[in-house]
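Engineer: Protein chains in written order, with our numbering: chain A, 8 to 240; chain B, 2 to 284; chain C, 208 to 799.
In short, the hints are calculated from the structure, not lab data.
Note that the Cβ used here is the ideal one computed from N, Cα and C, for glycine as well.
Incorrect hints may have been included.
What the hints assert, rightly or not - A partial selection of chain B residues facing chain C, derived with a Cβ cut-off under 7 angstroms:
no., residue
1, F162
2, N163
3, P167
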Amino acid sequence: MDWGFPESASTFGAQIDAAYGAIFYATALAFVIVQGLLIYCIIRYRHRTGRKAKPIHGNTRLEIIWTVVPALGVFYIAYVSASVWLDMKSEDRIPAGAYEVGVHASQFEWTVTNPGMDGRLGSDDDFVTRNQLHIPMGQPVRVLLTAEDVIHSFFLPNFRVKQDAVPGMQIAVWFEPTTAGEYPLGCAELCGLGHYRMRGTVTVHSPDEFDAWQVSEGAVAADIAETNTVASR
Amino acid sequence: MVTFHRKAPLWITTSLTFALTACGGDDAGTPGAAGGADDAAVEIENPGVVTGTVAFTGTAPALQPIDMRDEPVCAEKHSEPPVQEAVVVNDNGTLSNVFVWVREGVTQSGAAQAGTPELDQDGCEYLPRVLGVQAGRPFVIRNSDAVLHNINARASTNRGFNISQPQEGMTSERSFATQEVMVPVQCDVHSWMTAYVGVVDHPYYAVSGDDGSFTIENLPPGDYVVEAWHEEYGTQTVDVTVPPNGTVEAPFSYSGETTTASAAPPSGSSHHDLAFAERQRAD
Amino acid sequence: MSTVAPTPNYSDLFHDPSHEDHRSFVQKYIFSTDHKIIGIQFLFMSLLFLLIGGLLAMLIRWQLGWPGEPMPGGAALGETRMPGGIMLPEFYNSVMTMHGTIMIFFAVMPLLVGVYANFLIPLQIGAPDMAFPKLNMASFWIAVPAGVLMVAGFFVAGGHAAAGWTSYAPLSTNPEFTGVFTGQVLWTLSLIILGFSSLAGSVNYITTIVNMRAPGMTWFRLPLPTWALFITSILILLAIPVLTGALILLLFDQTLGTGFFNAEVGGQPLLWQHLFWYFGHPEVYILILPAFGFVSEIIANGARKPVFGYHAMVGAIASIAILGWIVWGHHMFQSGMNPMLGAGFMATTMVIAVPTAIKVFNWIATLWEGDLHFHSPMLYSLAFVSMFVIGGFSGIFLASTPVDIPLHDTYFVVAHIHYVLFGGSLFAIFAALTYWFPKMFGRLMNEGLNKVHFYLSFIFFNLVFFPMHELGNRGMMRRIYDYTQYGFLDGLVDINRLISLSAFALFAAQLIFAWNFIWSLFKGKKSGSNPWRANSLEWSVPSPAPHGNFTFMPTVYRGPYEYSSVESDEDYLPQDVPPAKPPVPEPEMTLA
Numbered sequence: 008m009d010w011g012f013p014e015s016a017s018t019f020g021a022q023i024d025a026a027y028g029a030i031f032y033a034t035a036l037a038f039v040i041v042q043g044l045l046i047y048c049i050i051r052y053r054h055r056t057g058r059k060a061k062p063i064h065g066n067t068r069l070e071i072i073w074t075v076v077p078a079l080g081v082f083y084i085a086y087v088s089a090s091v092w093l094d095m096k097s098e099d100r101i102p103a104g105a106y107e108v109g110v111h112a113s114q115f116e117w118t119v120t121n122p123g124m125d126g127r128l129g130s131d132d133d134f135v136t137r138n139q140l141h142i143p144m145g146q147p148v149r150v151l152l153t154a155e156d157v158i159h160s161f162f163l164p165n166f167r168v169k170q171d172a173v174p175g176m177q178i179a180v181w182f183e184p185t186t187a188g189e190y191p192l193g194c195a196e197l198c199g200l201g202h203y204r205m206r207g208t209v210t211v212h213s214p215d216e217f218d219a220w221q222v223s224e225g226a227v228a229a230d231i232a233e234t235n236t237v238a239s240r
Numbered sequence: 002m003v004t005f006h007r008k009a010p011l012w013i014t015t016s017l018t019f020a021l022t023a024c025g026g027d028d029a030g031t032p033g034a035a036g037g038a039d040d041a042a043v044e045i046e047n048p049g050v051v052t053g054t055v056a057f058t059g060t061a062p063a064l065q066p067i068d069m070r071d072e073p074v075c076a077e078k079h080s081e082p083p084v085q086e087a088v089v090v091n092d093n094g095t096l097s098n099v100f101v102w103v104r105e106g107v108t109q110s111g112a113a114q115a116g117t118p119e120l121d122q123d124g125c126e127y128l129p130r131v132l133g134v135q136a137g138r139p140f141v142i143r144n145s146d147a148v149l150h151n152i153n154a155r156a157s158t159n160r161g162f163n164i165s166q167p168q169e170g171m172t173s174e175r176s177f178a179t180q181e182v183m184v185p186v187q188c189d190v191h192s193w194m195t196a197y198v199g200v201v202d203h204p205y206y207a208v209s210g211d212d213g214s215f216t217i218e219n220l221p222p223g224d225y226v227v228e229a230w231h232e233e234y235g236t237q238t239v240d241v242t243v244p245p246n247g248t249v250e251a252p253f254s255y256s257g258e259t260t261t262a263s264a265a266p267p268s269g270s271s272h273h274d275l276a277f278a279e280r281q282r283a284d
Numbered sequence: 208m209s210t211v212a213p214t215p216n217y218s219d220l221f222h223d224p225s226h227e228d229h230r231s232f233v234q235k236y237i238f239s240t241d242h243k244i245i246g247i248q249f250l251f252m253s254l255l256f257l258l259i260g261g262l263l264a265m266l267i268r269w270q271l272g273w274p275g276e277p278m279p280g281g282a283a284l285g286e287t288r289m290p291g292g293i294m295l296p297e298f299y300n301s302v303m304t305m306h307g308t309i310m311i312f313f314a315v316m317p318l319l320v321g322v323y324a325n326f327l328i329p330l331q332i333g334a335p336d337m338a339f340p341k342l343n344m345a346s347f348w349i350a351v352p353a354g355v356l357m358v359a360g361f362f363v364a365g366g367h368a369a370a371g372w373t374s375y376a377p378l379s380t381n382p383e384f385t386g387v388f389t390g391q392v393l394w395t396l397s398l399i400i401l402g403f404s405s406l407a408g409s410v411n412y413i414t415t416i417v418n419m420r421a422p423g424m425t426w427f428r429l430p431l432p433t434w435a436l437f438i439t440s441i442l443i444l445l446a447i448p449v450l451t452g453a454l455i456l457l458l459f460d461q462t463l464g465t466g467f468f469n470a471e472v473g474g475q476p477l478l479w480q481h482l483f484w485y486f487g488h489p490e491v492y493i494l495i496l497p498a499f500g501f502v503s504e505i506i507a508n509g510a511r512k513p514v515f516g517y518h519a520m521v522g523a524i525a526s527i528a529i530l531g532w533i534v535w536g537h538h539m540f541q542s543g544m545n546p547m548l549g550a551g552f553m554a555t556t557m558v559i560a561v562p563t564a565i566k567v568f569n570w571i572a573t574l575w576e577g578d579l580h581f582h583s584p585m586l587y588s589l590a591f592v593s594m595f596v597i598g599g600f601s602g603i604f605l606a607s608t609p610v611d612i613p614l615h616d617t618y619f620v621v622a623h624i625h626y627v628l629f630g631g632s633l634f635a636i637f638a639a640l641t642y643w644f645p646k647m648f649g650r651l652m653n654e655g656l657n658k659v660h661f662y663l664s665f666i667f668f669n670l671v672f673f674p675m676h677e678l679g680n681r682g683m684m685r686r687i688y689d690y691t692q693y694g695f696l697d698g699l700v701d702i703n704r705l706i707s708l709s710a711f712a713l714f715a716a717q718l719i720f721a722w723n724f725i726w727s728l729f730k731g732k733k734s735g736s737n738p739w740r741a742n743s744l745e746w747s748v749p750s751p752a753p754h755g756n757f758t759f760m761p762t763v764y765r766g767p768y769e770y771s772s773v774e775s776d777e778d779y780l781p782q783d784v785p786p787a788k789p790p791v792p793e794p795e796m797t798l799a
């Protein structure tokens, strides 16, 4: 089941959706038990003339059962969640050879610093795109997330990625796109009056397409950079 | 980053609050809160005129293109690729968007300029880019785009404001209480959108047009210091003597060199990639 | 814990029926030191704020149901808020911020604690008043200016605070980022002041419970509302200073230009979140523990049965209160906090589900083999259990760190918090209001209207908040002014419109309650001293309880939940009725 989540386009999708499903079935079972018992009691023990309640004060064995059983359940959920979580969020578990791109959040724009053909950020062929994140398919992507002014949150619903961008911090986020196409990029943390309009697009290209895009967009950006230098002279 | 973060002592802030609450002062930034310009206006005897053109002797710089692809509503409105109009050199070798105002010497001022100045947002650009308003008098901000714009006025002497216009056709009236040349205005949704509002105590200001000329009328005869301000090239002053019922020329000329430091443009979107580069080197 | 109650020495404070009450109107009803009047003062103030908070919610629902469309009559709110009836984003942000702030700090928290800790504690423990009556009066009159400041924010230039009820820095510290100047400072000041009110109250509640219990009122004979309020007061005493300290730092950042939370000058934005949530998570339990107590009391009464596992109930409240201090990081899973910390906070958060489960099972077991009377307080309490369970389950989704990634900061969280705070706390408040209304005012609320209100609220509450889980799964962010700006959320208009219409109906249903409340104050059926045939001490005094509460110091012979006891022919046995037969020893209990 997709649980209503947007269509998955990354390797995280299946993992998170499965975790969601496991918790859903566990809680659904508990839900049916608890609400079922509640409704049963309400109907079964409703007041009737002559009914007298039994003055039971408690039962230690029952208390132990309903302490231990939920405890085992939630510990299991926590245990399973922990390793998935660390795989997704730990910076030292980001796969080597990831495509690295800078995303800078400011009121109310996502400024993407693309590494260019050399694949390295901070080199001369870097170029900037506004609200447009282009990435290659089938390769891990490492996003270096920074913020200009306030806290924003880098939210890619289809990739099951969400990470706050915090002023003064650089946070690495990774994911691996599995399907080419255009996907939304949103801001999930209230960042001011334009928060709702702080949106962008993620385009996942097939590797060939991606190179072509880098060349053409890089050329446009180089022009802009050229005029920039002239203008600031 | 430019801030208008007020560091007023706490008791001022609180007492101000109570004052505002007490008088139901809803919108201190809106007209009516700081009127009075009309009351001060007097009939000027034998008024004179300051006029002139702003010459430009350097080479026109290439203007930075604006990537508007992400905002099709605005991109459609531009037949030519939009550029950041920080320096507009006219065909006749003059400069547009220079704010000219009488900085010193005004002792009495005449009637306010007719009409309500308007700052339009059209095609994700401010029209005009440089606007003059009189302190305490209203000006209108209009959104002609079917897209959210916010208007972040980063005043330093005045109280700034940061408001939004989410829909096409929305207008807001605002005013600034005291003289401030210039108040930068920024749209944070479209970081390239920048305008400057010159707030002057009196009605003696003008903005050079597409022929580089400007005219300031209805000045009492006397000696004045006239200042020109350009967002890239800074300020220049000229001393003039306005004759009774006559016209005096105030010549300004920019060479394309920045003359004052005050003209630093607001931070655009390019400085942080430098930061990136530095970080990368540090790694 | 001591099982011997102290011997109090304040018998002159008790109500002397032969003695005329010489207090003036002002002393009696305005600057009163009587805990019951102070409780009622808090009641009226917080019900007013509940109404304001609800109205703000209606504004939010208009914008989300009909994004960007003019609201009928909205233009009256002015050009800076709703020009032509179209809500501006900055006003939306203020409304959303104030809905949260007012509901949490000025409605639910005072309703649970300010009202019932004041009103109930002395009555339930058999004391004539609070330990510090003047401090108690001060705690209300400190809350008043805080409320005035909070409301004043709506009328200042730049609008009211717009950084969310969590007020994350640096959005909340620099007016340039929000366009809000004075409003944000007023918000901070108001909450600082309110903190002193809460502190004054909690010191009083703790002292009163420790020192002023009537003879025989041992710790484990305390009614569960008093237990819950006792533990809640300890939480308040420890948590509020953290918030106040953080707010003072925030105020410095806002007004003096310091940079505690400003990264540009070496501050740390995450520091605010740590401080806020270190207060904020205990706060969540401050908002639910008293509700646990009320519901336990009322369910036992409605079921005519002892609370199942009384000691386990107390133990569960205590363990929730303790665990509540080490889970704050689960609000910050996606904040940039070290993911290892996230994993740790997930573990502690999961643990807290255990005592919560214990409580739920004990409530159900209390119903088991009972003789269930569905008076309206009972209905609200049963709904509380049912709704709180849903809130608890959605909490497990959010507690699981990987599942939290897509759900964090979406409407799933909004659904979760409302199942806990509305379905949970507020239903418990309705239960408590209807249950103790006769003791406050001597009259019963109209039962028929209460039931109409209950069923409408129950249905529309679920229609409002259950679909929000779906919105969250689809990725609709919380605090968003116009989700239709996102292509993938564009299709959510219908579901949002359903929610909005249900929300309007839910609000209308609350007006029934408001009408019933006011009508019953004057026209309700006279209740007599013990309309619910309940056991705890407050029902042994007349309704409304007189100044000084008890005519003489009561003596307590048993626990508060001896319903359907074999000792008595009735199905209840008040705590202060001397035993006819030798008392049955309390059964052995193990703390879970």
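Engineer: Run every hint past the structure and note whether it holds.
Structural biologist: Hint-by-hint comparison with the structure:
A hinted interface residue such as F162/B counts as satisfied when its beta carbon comes closer than 7 angstroms to some beta carbon of chain C; here the least separation is about 6 angstroms, so the hint holds. Against a cut-off of 7 angstroms between C-beta atoms, the interface hint on N163/B holds, since the closest Cβ of chain C lies about 3 angstroms away. Satisfaction of the interface hint for P167/B is found here, the shortest Cβ-Cβ separation to chain C being roughly 6 angstroms, below the 7 angstroms cut-off.
Checked against the numbered hints listed earlier, the structure breaks none of them; every hint is satisfied.
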